[in-house]
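Those letters in the sequence shown? Residues 75 to 224, by this note's numbering.
Don't read these hints as lab results, they were simulated from the structure. Each residue gets a CB set at the ideal place from its N, CA and C atoms; glycine is no exception. Wrong hints could be hidden among the right ones.
[Stated by the list, open to error] Label-pair distances were calculated between CB atoms; the ranges are:
{"hint": "1", "residue 1": "Val138", "residue 2": "Glu110", "range": "23 to 29 Å"}
{"hint": "2", "residue 1": "Ala124", "residue 2": "Cys97", "range": "46 to 52 Å"}
{"hint": "3", "residue 1": "Phe93", "residue 2": "Glu127", "range": "19 to 25 Å"}
{"hint": "4", "residue 1": "Glu110", "residue 2": "Ile162", "range": "17 to 23 Å"}
{"hint": "5", "residue 1": "Thr90", "residue 2": "Ser149", "range": "30 to 36 Å"}
{"hint": "6", "residue 1": "Arg196", "residue 2": "Ser142", "range": "48 to 54 Å"}
{"hint": "7", "residue 1": "Asn153", "residue 2": "Ala92", "range": "15 to 21 Å"}
{"hint": "8", "residue 1": "Leu78", "residue 2": "His104", "range": "48 to 54 Å"}
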Amino acid sequence: MKRLRLWLLRAASIATLAFVVSCAPTFSNHGYVPSESELEQVNVGVDSQASVEQAIGRPTSTGVLKDSGWYYMSSRVRNFAYREPQIIDRQVVAISFDKRGVVSNIERFTLEDGRVIALNRRVTKTGIKGVSLIRQLLSNIGRVSLADEF
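Could you build the full structure based on these sequences and the hints that come with them?
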């Protein structure tokens, strides 16, 4: 009886220890943001895109318009058991360039500067309701031109 009780106590201790250890949070880092000392190497009005790339590396993302800006982004995410991952830190460094490709501005943004954007769930209507597949295929005969292909 004493052995059984000791064995159950050990099993319960191991199970409790495994449960406690499995609930420890894990952290993951994503992206790259240059440090302040690295950013001090970049001079506004002097450095070009090539010199910025040489000093601090290629950006995580670039602006939509050509040569409009470079963005270095990083985030730190906390994962805890079954809960939804939580972003605990986010940094964005934006380097803007003028039309000549010279640095015009350097900005740093954090998680507190961000804002939530609501996604739009609307669906674009196709306008082909009631048109059969065969009619769609046959209506395209004769509409193809070589100018469209090349």
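Query raised in the report: Which earlier hints can't be squared with this structure?
Result: Hints 3, 6 are the ones this structure does not satisfy, whereas the remaining hints hold.
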